[in-house]
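Turn these sequences into a full structure, and let the hints guide you.
Protein chains: 2
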Amino acid sequence: MANREIQPGSKFPANATVKEDNPEQTFHITKLTGRNVFVGVPGAFTGACSAQIPGYISTYEQFKEKGINNVYVVAVNDVFVLKAWKTQMAPDGTKVRFIADDKAELTLALGMLFDATPLLGGPRSKRYVVVTDGDKIISVAVEPVPGEVTVTAADKVLPLL
Amino acid sequence: MANREIQPGSKFPANATVKEDNPEQTFHITKLTGRNVFVGVPGAFTGACSAQIPGYISTYEQFKEKGINNVYVVAVNDVFVLKAWKTQMAPDGTKVRFIADDKAELTLALGMLFDATPLLGGPRSKRYVVVTDGDKIISVAVEPVPGEVTVTAADKVLPLL
Numbered sequence: 001m002a003n004r005e006i007q008p009g010s011k012f013p014a015n016a017t018v019k020e021d022n023p024e025q026t027f028h029i030t031k032l033t034g035r036n037v038f039v040g041v042p043g044a045f046t047g048a049c050s051a052q053i054p055g056y057i058s059t060y061e062q063f064k065e066k067g068i069n070n071v072y073v074v075a076v077n078d079v080f081v082l083k084a085w086k087t088q089m090a091p092d093g094t095k096v097r098f099i100a101d102d103k104a105e106l107t108l109a110l111g112m113l114f115d116a117t118p119l120l121g122g123p124r125s126k127r128y129v130v131v132t133d134g135d136k137i138i139s140v141a142v143e144p145v146p147g148e149v150t151v152t153a154a155d156k157v158l159p160l161l
Numbered sequence: 162m163a164n165r166e167i168q169p170g171s172k173f174p175a176n177a178t179v180k181e182d183n184p185e186q187t188f189h190i191t192k193l194t195g196r197n198v199f200v201g202v203p204g205a206f207t208g209a210c211s212a213q214i215p216g217y218i219s220t221y222e223q224f225k226e227k228g229i230n231n232v233y234v235v236a237v238n239d240v241f242v243l244k245a246w247k248t249q250m251a252p253d254g255t256k257v258r259f260i261a262d263d264k265a266e267l268t269l270a271l272g273m274l275f276d277a278t279p280l281l282g283g284p285r286s287k288r289y290v291v292v293t294d295g296d297k298i299i300s301v302a303v304e305p306v307p308g309e310v311t312v313t314a315a316d317k318v319l320p321l322l
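If you read the sequences in order, they're chains A and B. The working numbering puts the first residue of the first sequence at 1, with every later residue one more than the last. The working numbering puts the first residue of the second sequence at 162, with every later residue one more than the last.
Note that these hints are calculated values from the structure, not bench results. Computed from a prediction, not measured in an experiment: that's the story for all the values here. Even for Gly, the Cβ is constructed at its ideal location relative to N, Cα and C. No false leads were mixed into what you were given.
Computed beta-carbon distance windows for the label pairs:
id, chain 1, residue 1, chain 2, residue 2, range
1, A, 93, B, 186, 34 to 40 Å
2, B, 276, A, 92, 36 to 42 Å
3, B, 306, A, 139, 45 to 51 Å
4, B, 176, A, 62, 49 to 55 Å
5, A, 156, B, 295, 54 to 60 Å
6, B, 176, A, 66, 50 to 56 Å
7, A, 21, B, 306, 22 to 28 Å
8, A, 139, B, 215, 44 to 50 Å
Here's what the structure looks like:
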């Protein structure tokens, strides 16, 4: 399962199917334009992720001011869980998009899958931030310890954009 | 992954490790005494499961009056998700126990694992009710369609106890 983390200069994986909101509908994240931010997290409702994501929700407009088109939170969770978590994170709604990578295709293609069996029962996403420009990856930050939030905190990422 | 559903007369699988509340702590459901009810569900936060489980929470005392020691809800979800779902299902708490079968060991041993990839991304639990007496299984009900709640509804199970 261990795979090489994607590197700047690579193309964003266009073959992976994911879901958002609708459990019946899968789609590919393609036609990326401008710059976009992808925030990978190990697990909805875990302590670290639930501490990290409010930072992206509250600073969403600052990401927009930096010229970022979309902020995507990506987790290897099913869409029902991700929707419930989004509602808990943003009861009043948010434009941050919550992507359910329920088959781990995108996470695997990004080289971000790791064995989270001891805590979460199976493979999950490393905690990472990937920034794209068009369909190209321009920066990658990965937490050395997935349970910690350092380089992937919103206030650490914003100044670099 | 398809496996044979466990039958009445079989022993409850004692080797499977599960979690409850604490992500760091796995345990075996052993030393079952008297009669216990296990309710398997495909997914926390899905519509059908979230409609089914309140029935067990609201009739918990009726299960006790029938001599049932514990009512266990078992899902192939991680413990963080299951805790969040329990809180949503029972904001004021409940004695119904929510068991995270995060590695699907118990569900597999019960023969209840099915491929839920289209909707949920991977293998999950069929919707079932298993009643035990001591360490022996005395009745098994499985929904023909996991997304529906008929024979596994609390008000259908109670009269049979």
